[in-house]
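Next come the chains, spelled out residue by residue.
There are 2 protein chains.
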Amino acid sequence: MQEIKIFSPATVANVNCGFDTLGFALHDIGDEMILRKIPERGIKIVNITGADLPLETSKNVAGVAGLALLEHLNLDYGFEIEIKKNLRIGGGLGSSAASAAGVVFGINQFLKNPLSLEELTYYGMKGEAVASGNEHADNLAPSIFGGFTLITSYNPFHVVQLPLPSDLYVTIIQPHIEVKTKDAREILPEKVLLKDAIEQSGNLAGFISGLYTEDYKLLAESLKDVLVEPYRKSLIPLFKQAKDQAIKNNSLGFGISGSGPSMFALCKGEETAKNVQKALNKVYNDSEININSYVSKISDVGCKIIS
Amino acid sequence: MQEIKIFSPATVANVNCGFDTLGFALHDIGDEMILRKIPERGIKIVNITGADLPLETSKNVAGVAGLALLEHLNLDYGFEIEIKKNLRIGGGLGSSAASAAGVVFGINQFLKNPLSLEELTYYGMKGEAVASGNEHADNLAPSIFGGFTLITSYNPFHVVQLPLPSDLYVTIIQPHIEVKTKDAREILPEKVLLKDAIEQSGNLAGFISGLYTEDYKLLAESLKDVLVEPYRKSLIPLFKQAKDQAIKNNSLGFGISGSGPSMFALCKGEETAKNVQKALNKVYNDSEININSYVSKISDVGCKIIS
Chain A
-16 MQEIKIFSPA
-6 TVANVNCGFD
4 TLGFALHDIG
14 DEMILRKIPE
24 RGIKIVNITG
34 ADLPLETSKN
44 VAGVAGLALL
54 EHLNLDYGFE
64 IEIKKNLRIG
74 GGLGSSAASA
84 AGVVFGINQF
94 LKNPLSLEEL
104 TYYGMKGEAV
114 ASGNEHADNL
124 APSIFGGFTL
134 ITSYNPFHVV
144 QLPLPSDLYV
154 TIIQPHIEVK
164 TKDAREILPE
174 KVLLKDAIEQ
184 SGNLAGFISG
194 LYTEDYKLLA
204 ESLKDVLVEP
214 YRKSLIPLFK
224 QAKDQAIKNN
234 SLGFGISGSG
244 PSMFALCKGE
254 ETAKNVQKAL
264 NKVYNDSEIN
274 INSYVSKISD
284 VGCKIIS
Chain B
-16 MQEIKIFSPA
-6 TVANVNCGFD
4 TLGFALHDIG
14 DEMILRKIPE
24 RGIKIVNITG
34 ADLPLETSKN
44 VAGVAGLALL
54 EHLNLDYGFE
64 IEIKKNLRIG
74 GGLGSSAASA
84 AGVVFGINQF
94 LKNPLSLEEL
104 TYYGMKGEAV
114 ASGNEHADNL
124 APSIFGGFTL
134 ITSYNPFHVV
144 QLPLPSDLYV
154 TIIQPHIEVK
164 TKDAREILPE
174 KVLLKDAIEQ
184 SGNLAGFISG
194 LYTEDYKLLA
204 ESLKDVLVEP
214 YRKSLIPLFK
224 QAKDQAIKNN
234 SLGFGISGSG
244 PSMFALCKGE
254 ETAKNVQKAL
264 NKVYNDSEIN
274 INSYVSKISD
284 VGCKIIS
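Heads up: the protein sequence lines correspond to chains A and B, in order.
Position one of the first sequence corresponds to residue -16 (the numbering used here), numbered consecutively onward.
Position one of the second sequence corresponds to residue -16 (the numbering used here), numbered consecutively onward.
Think of the hints as simulated: they come from the structure by calculation, not from any bench.
Be careful, since some hints might not be right.
Remember, identical chains collapse to one label, so a pair may be satisfied in a single copy or spanning two.
Said to hold, decoys possible - Straight-line distance between alpha carbons at most 30 Å, and here's what the computed DSSO-like set of lysine-lysine pairs gives:
| no. | residue 1 | residue 2 |
| --- | --- | --- |
| 1 | 165 | 251 |
| 2 | 163 | 42 |
| 3 | 95 | 200 |
| 4 | 109 | 95 |
| 5 | 178 | 42 |
| 6 | 174 | 223 |
| 7 | 200 | -12 |
Isolated chain A, as found in the complex (with noise of 0.2 Å):
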């Protein structure tokens, strides 16, 4: 094998109850990248479309990852990578993890496996670090699982698949504007009431409860988020409206998506995902702010060969 076609799907971190350690991934929406087997060690940028990034690799979330992943297994060859970004950078789908993701995932191909899918993950992080300032992993472990993971804990690294009830699907929006990733973590204050820390983690282990057992009117009871959305709310126009359609419209929930701008809105059925995308386009067709909006089924898989 000298050449291999990924798929990287974006994905919906923190999904309102579970800020920093809840997931999911997209269904067909995603980036794709090829990695060609070289001769010569290390990582090579040989092209990206779709976004102005670095081709440099250690400015470059797949070229750290994929040489975080290099060093660990002390390869006497190396890759070269073509990016084709379908994700907005900064738009809130978990872009970054998805280009990191890809480069790891890819990488074991070509080895056949050696790697867990939670040791790939961790190595992802590598590159997460260069695009957010830290290592984090809560686009990361969707994109590479799929379905809905849950970092339990960092030390040691610890990434749970959850169960997926057959019937989930979920509606984004993605407004045009730009909300940093930098902005949205100082816009929290360091300190929460204890009393908010309590009725945030009886909702995520709702939630949790509830994907086990598919039990939908859980899931939606426990789709709410005390801690963070209170302050980053202000960062994304028109948020209460949409949250406000979205709810009216018989989704399951409705939230920021990772640190915005994207917005989320999960739901049961295609159908309901549907009414609730054209709720959610009028809301800001009748504004200034250009959008764009998906209906995905929550995928079951995270990246995949597509050739």
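Position chain B against the provided structure of chain A, taking the given hints into account.
Just chain B now, with coordinates in the frame of chain A:
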């Protein structure tokens, strides 16, 4: 049916990662209560053995819980109650919850179970408030439901019954000292670090997942308390020594039961639990603090009729 005898189990609340939300019921350790139908409306407490508690209905946990339920049901008759307390008041094993649980469970039996266990928990909380000053259900829910329970929300009130791995035992060590719930509350800060809140919620989510998948390793990794134990452990003499011994002897995790002073060690298998008990007994037997200790299976049922 004119008379019924109820067993209401002792419970462990908080369980490290689930402060104010998670709890479980013990097997064969608990209080007993006789309810007798009487023509007069209301609750009449005629006898309490094993503890010095008020017979006056409005000052007694069982009395207030029973009255709250009777008012809801609008019955034209009442109940007299005899209570045999086996659980130490303020011992950290849900003594007051057991009293409240027994009376609401018992009344529901007389009426052929019109109310769900969740509704019974709701009315039982009215009694709990007498003992602790606020309505909470983290002991009450497992005493009524059995097994592990999760309070996902108080408004709307919602209890989720969690699955119970087949080989879970608990070792309880109960020092004969007093820790007032009020003091244990007041020692906690109003605010906590956001990063600690996230770590704790990741652990709770991991624990819930571990219960569904019978993943004892994940249960062990998740049984941590970064929010509450750092403050409350100072209220319990020899806590650190006990914890060290419990971990050294292969318990899955060790922590404060409720607001203390009881402590619990969750264990895989009865033999491990007995070894942990020996080690914990030794820690306190070398001191001047009297204790009692138990090894118990986690009970898959809550309150039950014993005659």
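Status of each hint after checking the structure:
1. In the homo-oligomer, the alpha carbons of residue 165 and residue 251 never lie at most 30 Å apart, since the shortest distance is 33 Å inside one protomer and 44 Å across protomers.
2. For the identical chains of this complex, residue 163 and residue 42 are intra-copy neighbours only, at 18 Å inside a copy versus 56 Å across copies, given an alpha-carbon limit of 30 Å.
3. Only between protomers do residue 95 and residue 200 lie at most 30 Å apart by alpha-carbon distance; the minimum there is 28 Å, versus 42 Å within a single protomer.
4. In this assembly of identical chains, residue 109 and residue 95 lie within 30 Å of each other by CA distance solely inside one copy; the values are 22 Å within and 61 Å between copies.
5. With identical chains, the CA atoms of residue 178 and residue 42 are at most 30 Å apart between copies only, with a shortest distance of 28 Å across copies and 41 Å within one.
6. Within a single copy, residue 174 and residue 223 get their C-alpha atoms as close as 24 Å, and across copies as close as 27 Å, so both meet the 30 Å cut-off.
7. In the homo-oligomer, the alpha carbons of residue 200 and residue -12 never lie at most 30 Å apart, since the shortest distance is 40 Å inside one protomer and 36 Å across protomers.
In summary, the structure is inconsistent with hints 1, 7 from the numbered list given earlier, while agreeing with the others.
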